[in-house]
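Chains as they are written, first to last, in the numbering used here: chain V, 1 to 311; chain L, 312 to 935.
Since the hints were made in silico from the structure, they are not lab data. Some hints here could point you the wrong way.
Pair by pair, the computed Cβ-Cβ distance ranges are [as the list claims (entries may be wrong)]: (1) L:Pro-776 / V:Gly-2: 20 to 26 Å; (2) L:Leu-794 / V:Leu-12: 18 to 24 Å; (3) V:Ala-19 / L:Pro-760: 55 to 61 Å; (4) L:Val-818 / V:Ile-44: 34 to 40 Å; (5) V:Val-188 / L:Val-821: 53 to 59 Å; (6) V:Gln-288 / L:Leu-794: 40 to 46 Å; (7) V:Pro-181 / L:Lys-871: 52 to 58 Å; (8) L:Pro-760 / V:Ile-184: 47 to 53 Å; (9) L:Ala-672 / V:Met-252: 45 to 51 Å; (10) L:Phe-808 / V:Gly-2: 41 to 47 Å; (11) L:Ala-672 / V:Lys-52: 56 to 62 Å; (12) V:Leu-12 / L:Val-821: 37 to 43 Å.
Pairs of lysine to aspartate or glutamate residues, derived as EDC-like cross-links and limited to a Cα-Cα distance of at most 16 Å, are as follows [to be verified]: (13) V:Lys-30 / V:Asp-49; (14) L:Lys-786 / L:Glu-671; (15) L:Lys-847 / L:Glu-404; (16) L:Lys-817 / V:Asp-287; (17) L:Lys-624 / L:Glu-671; (18) L:Lys-624 / L:Asp-550; (19) L:Lys-847 / V:Glu-57; (20) L:Lys-624 / L:Glu-716; (21) V:Lys-56 / L:Glu-820.
Glycine included, every Cβ here is placed at the ideal spot set by N, Cα and C.
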Amino acid sequence: MGLGWVIGVSILNLFLALALSPLLEGCGRKLRAMVHSRIGPPIIQPYYDLAKLLGKEDLRSSANPLVRVAPLVCLGTVAIAALLVPMGTFQASTRTFEPPLGAYGDTLLFIYSIALAAVATIVTGAASDNPFAFVGASREMMMHLTVEPVLAIALITAAINAGSFRMGDMVFWYHAHGPTPSMILAAVFFFLALQAQVGKLPFDIPEAEQEVMGGTFIEQSGPQYALLRWSLMAKQVVFCSVFCQIFVPWPMVGHIAWDVLINLAKVFVLVLIIALIDAVNPRLRIDQAVRYYLCLGFVSLSAIVLALAGV
Amino acid sequence: MIGASLRAGIDPLSAFFLLTISIIAFCATLYSISYLRHYERESLVRYYPLLLLFFASMAGIVCVADMMFFIVFWEMMTLTSWALVVYERENKESLKAGLIYFIVTHIAAGCLILGAVVLYSYSSDHSFRFDGLRASLAALLATNPALVHLVLAFFFIGFATKASTLPFGFWLPLAHPVAPSSFSAVLSGVMIKAGIYGLVRLFCTLLPISPLSQTWGIIIALFGILSLFVGTISALMQDDSKRLMAFHSIGQVGYMFLSLGAGFYFFPLNPALAAIALIAGLFHMINHSWFKSCLFLNAGSIMYKTSTRDLNKIGGLFQLMPWTGVSAMIASLSIGGIPPFNGFVSKLLIFESCLISGKEAGAAFWARGFFVLLGLAAIFISAVTLASFLKFINSAFLGKLRGAEGISGDVPLPMRIPQGILAFLCVLFGVVPFLPILMGYQAIRSALPEGAFPASASLFGKMWPGISLDFGMGKISGVWDPLWIIMAFMILMGGVFLVARAGGAKVREVETWYGGLQHLPADTAYRGHSFYRPFKQVFSFNFKNIEFRGLYPTTFPLPKISMPQGVRTFLSPDQWLYYPLGRLFMKLTRGFSRSHTGHPQMYLLWIAMGVILVMVLVLSLPGE
C-alpha cells in the first residue's frame, strides 16, 4: 500500500467526515422540522452555525488550561477515528477494503479513540467549574460505560467471524461470505447502540437542554463550542460508515469512486433514519438508559455465541 | 542437611521483575524524603531500614532458584511490609488493617510452605532446588496427579493471596490506604507482583506443560475475572482516593491473572496465541507498576498538601499542582487504556488474545466461549476503570478549588520527580511498545525450559516500534503502530487548531453561570460521591443481611465468638505479663537512679567499693 494511496484516501475520509457531515446534519434537521410541521432551517444551516461560532467571542469561566486543550483533542480523535473506518475505499491493486490508517490501527484503536473523544468532552465539562457540566460529565460517562459494550460486542462478532481485528479484513470477509445470522444480529445491536453513540434522542441525556442546559457544553462558547458541535456531527458520519461498511457491505462494485458514492448514499439514508427516531421520541431518564443498555449488552452476547458456532 | 542452598541467578524473567522493582524502589525512596515530613510524630528509624530491607527481599524473591530461600525471602518481604503498613502506630485503623494483613499473609505463607514440603518429600535428591522440584513434579504427574493438584492449590492460594486476587485479597483495600503513600505505591507497584512472579515461575518453569496446566489455566482465569469484575466495580463506589486505587489494584491484577490463565490454557493448543497472552500478562504487570505507583504518589501529594484522602472535600487542585495534575492525568488515561499510553497496548494484547481464541479450532466450544466472554467482560471493565479514574481526576483536580485553604504551589521537587519519571514511563512504553514486549518475550521464553517457542518476528511482526499480531493463524489479525497514528493525530490537531483560530475570536474571562442566581461554589459543588449514582445503584443490593456495594460486601456479619473472661485475659499478655514486668523494671531502675547523688566523693566511694569487691572475688576463686 503506497503512501500516496494512504494520503489520498485519508483526505477523502476527512472530507466526508468533517466537511460533509454538517450537510448531512442539515438534512436531518430539515426532516425533523417536517415531522414537526415546520419549515425548518436551510440544509446548509450547520455550516452557517459553525462559521458564526468560530468568529464569536470565547467566554472562559475557568483558567484551567485543560478547557483550552480538550475540545481540540475531541475533534482530533474523532478525525483519527474517521481514518480508521472504511468509507467505501476499495483498493483495486490488493483487493482489500482497508481504511486509510487500517495498516496502523485496528478495531480496538477505533473503540478507544471514541472513548478518548468522550473523555475529552467530559474533561471540557468538568474543567469549566459549572455544576451542570459535572452532571453532564457524569451522565456522559455512564452512557459511554453502558453503550460501549454493545458497540464492542457487535464489532467483535465481526472480528471473530473474520478472524482478524482489522476493519478491512472484516469488510472483506462479510462481503465474501454473504449475510450470516450472527452478523445480522450484530447489525441490529449496533443499530440500537447508534442512537446513543451519536447523542440523539431518546438518548441525548448528557446534553439534555431542558434539564441540565447542555450538560458538558454549558460553559462553552465561540470556537470551542464549534469544535465540540462539529465533532458530534463528524461522529455521526463515522458511526454510520461503520454500520454501512461492516454490517451492510452491499452493494459494492469494486471501483473506489462508485463505492464511495454508494457508501455516502447509505450513510445519508441512515442519518435520515436517526433524525426520524430523534424527532418522534421523548428523552429517557439516565437510569432507564443505563438499565436498557446493560440488558442490551447481555442480550447481544447471543451474536457472539452464534459467531462462535460458526454461523 | 536439608538440601537447601542459596542459589541465585538472574534469567530474563528475573531481570524483568528486577527492572520493575529497582525503578519503583528509586522513585518511592526519593519521594519519601519529602513526603515523610507529613508524619511528624513518627520516627524515620522505623521507615528507611525496613523499606530497604523490603526491596532487598523482593530482589531476593525474584533471583533465587531454591524454594527454601524463596520462602525465606518471601517471609522477610511479608514482615517488613507489615511493619511499614502499621507505620502510623497511634492510628487504630492502621493497626487493625495491619493485623488482618499479618494473619492473612501468614496463612498464605503457610500454604506455600506446605506445598514446598510436599514436593520436597517426593523429590529424588531431597533438595529444594527448582530443577529438583521440577523433576519431582514431572514424576508425580505420571503417578499421582491428584497430589499435584493439591500442591498446585497450596501454591496458588499462597500466590493469589499476595497478588490480592479475590476472594483472598480482602486485606488489600484495608492495608493499602493506611500505609504511607510512598509505601502504598510500593505495595501496589512491586509487592503484589511477587504473586504474579510466583505464578509464572510455578506454571512455566516448575510444572511441565500438561493437561493439568490447562485445568489450572481455567481456574486462574476464573479468579482473574472475579477480581477484575468485583474489584473494579467496587472501586467505582469509593470516595477515598487511596481506597479507590487499592480496589483498582485488585481489578488490575485480575487482568494479569486472566491473560496468564489464557496463556497456560492455550499453550498446548496454540503456542503463538499462548505466548502473546503470557507476554501480555507480564506487559500489563510492568505497566501497572508504572501507572498505579504514579497514582498512589499523586494521592500522596494531594494528602501532603490538603491532609485528606476524601475526594468529596477537595477540588480544582490542577491550578495549584499542575505537575501532579498532569502526571495523574497521564496515569489515569493509561490505566483506562486510552491510546497512546502503555495501558492501551497491554490491554490490546490481552483483549485480542482472549477474543481471537474464538477462532481457535483446537479448543472445545465451551472453552472458546469462556475466554471470549472473559475478554468481553474485560473490555467492559476497562471502561469502568476509565470512569472511576475520571471521577478521581474530576473531583480532585477539576472544578472549583476546594479543600486547599492557605496552601500554595506544587509539592517539593523530590516528590515531583518520581511522579514525572513514572508518567514518562507510561508514555514511553505506550509509544515504543516493542521494547517491553521484547523484554516480556525473552522473559517468558527463558521461563519455559523446553518446547517450541515461536520466534518474536512471527508473533509481533517487524513494524518497529509498532506491533502487528499474528496469532498462529497465518495472517496479521491486529495492529498498533503508534508512530504513524501519533503523527496523523499531530497533523490533525494542528489543522483543528488552525480552524479554531481562523475566526479570530477574542477570549474573555467571565464568571461561571449558575442559572441566574448568585450561589457560592461550595453550595453548588458536584461532589465525588454523586458521580455515576444510577450506574452504581445497579450494582448495589442486599443479600440476606450482607450489604453489597458494587458487588463487594461492605458489612459482613461475622459470627460472634464469646469466650470466658479467663481466656480473654490470658490472650492479652499485656495485662498480666508485659505491664507488670515493665513496672517492676521501672521500680528497679528508679532505685538505682537514687545512687546518682551528684557528689564526686560518693562516686569515688562506689569505685573503691567496686574494686574491693572484684579483688575479693578474684582472690576467692580456687587457683590451679
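Hints versus structure:
1. L:Pro-776 / V:Gly-2: 20 to 26 Å: Given range 20 to 26 Å: holds, Cβ gap about 22 Å.
2. L:Leu-794 / V:Leu-12: 18 to 24 Å: 23 Å, holds
3. V:Ala-19 / L:Pro-760: 55 to 61 Å: 59 Å, holds
4. L:Val-818 / V:Ile-44: 34 to 40 Å: 28 Å, violated
5. V:Val-188 / L:Val-821: 53 to 59 Å: 46 Å, violated
6. V:Gln-288 / L:Leu-794: 40 to 46 Å: 44 Å, holds
7. V:Pro-181 / L:Lys-871: 52 to 58 Å: About 57 Å separates the Cβ atoms of Pro-181 (chain V) and Lys-871 (chain L), which means 52 to 58 Å holds.
8. L:Pro-760 / V:Ile-184: 47 to 53 Å: The hinted range 47 to 53 Å holds for Pro-760 (chain L) and Ile-184 (chain V), with Cβ atoms some 49 Å apart.
9. L:Ala-672 / V:Met-252: 45 to 51 Å: The hint (45 to 51 Å, Cβ to Cβ) is violated, given that Ala-672 (chain L) and Met-252 (chain V) are roughly 29 Å apart.
10. L:Phe-808 / V:Gly-2: 41 to 47 Å: 29 Å, violated
11. L:Ala-672 / V:Lys-52: 56 to 62 Å: About 59 Å separates the Cβ atoms of Ala-672 (chain L) and Lys-52 (chain V), which means 56 to 62 Å holds.
12. V:Leu-12 / L:Val-821: 37 to 43 Å: Holds, since Leu-12 (chain V) and Val-821 (chain L) (Cβ atoms, about 41 Å apart) stay within the stated range.
13. V:Lys-30 / V:Asp-49: The given pair, whose Cα atoms are some 15 Å apart, holds under the 16 Å limit.
14. L:Lys-786 / L:Glu-671: With Cα atoms ~13 Å apart, Lys-786 (chain L) and Glu-671 (chain L) stay inside 16 Å; holds.
15. L:Lys-847 / L:Glu-404: Roughly 26 Å between the alpha carbons, so the hint for Lys-847 (chain L) and Glu-404 (chain L) is violated.
16. L:Lys-817 / V:Asp-287: Between Lys-817 (chain L) and Asp-287 (chain V) the Cα gap is close to 40 Å, so the pair fails against 16 Å, i.e. violated.
17. L:Lys-624 / L:Glu-671: 51 Å, violated
18. L:Lys-624 / L:Asp-550: 10 Å, holds
19. L:Lys-847 / V:Glu-57: Violated, at about 39 Å.
20. L:Lys-624 / L:Glu-716: 11 Å, holds
21. V:Lys-56 / L:Glu-820: Holds: Lys-56 (chain V) and Glu-820 (chain L) sit about 14 Å apart, inside 16 Å.
In the structure shown, a violation is registered for the earlier hints numbered 4, 5, 9, 10, 15, 16, 17, 19, in ascending order.
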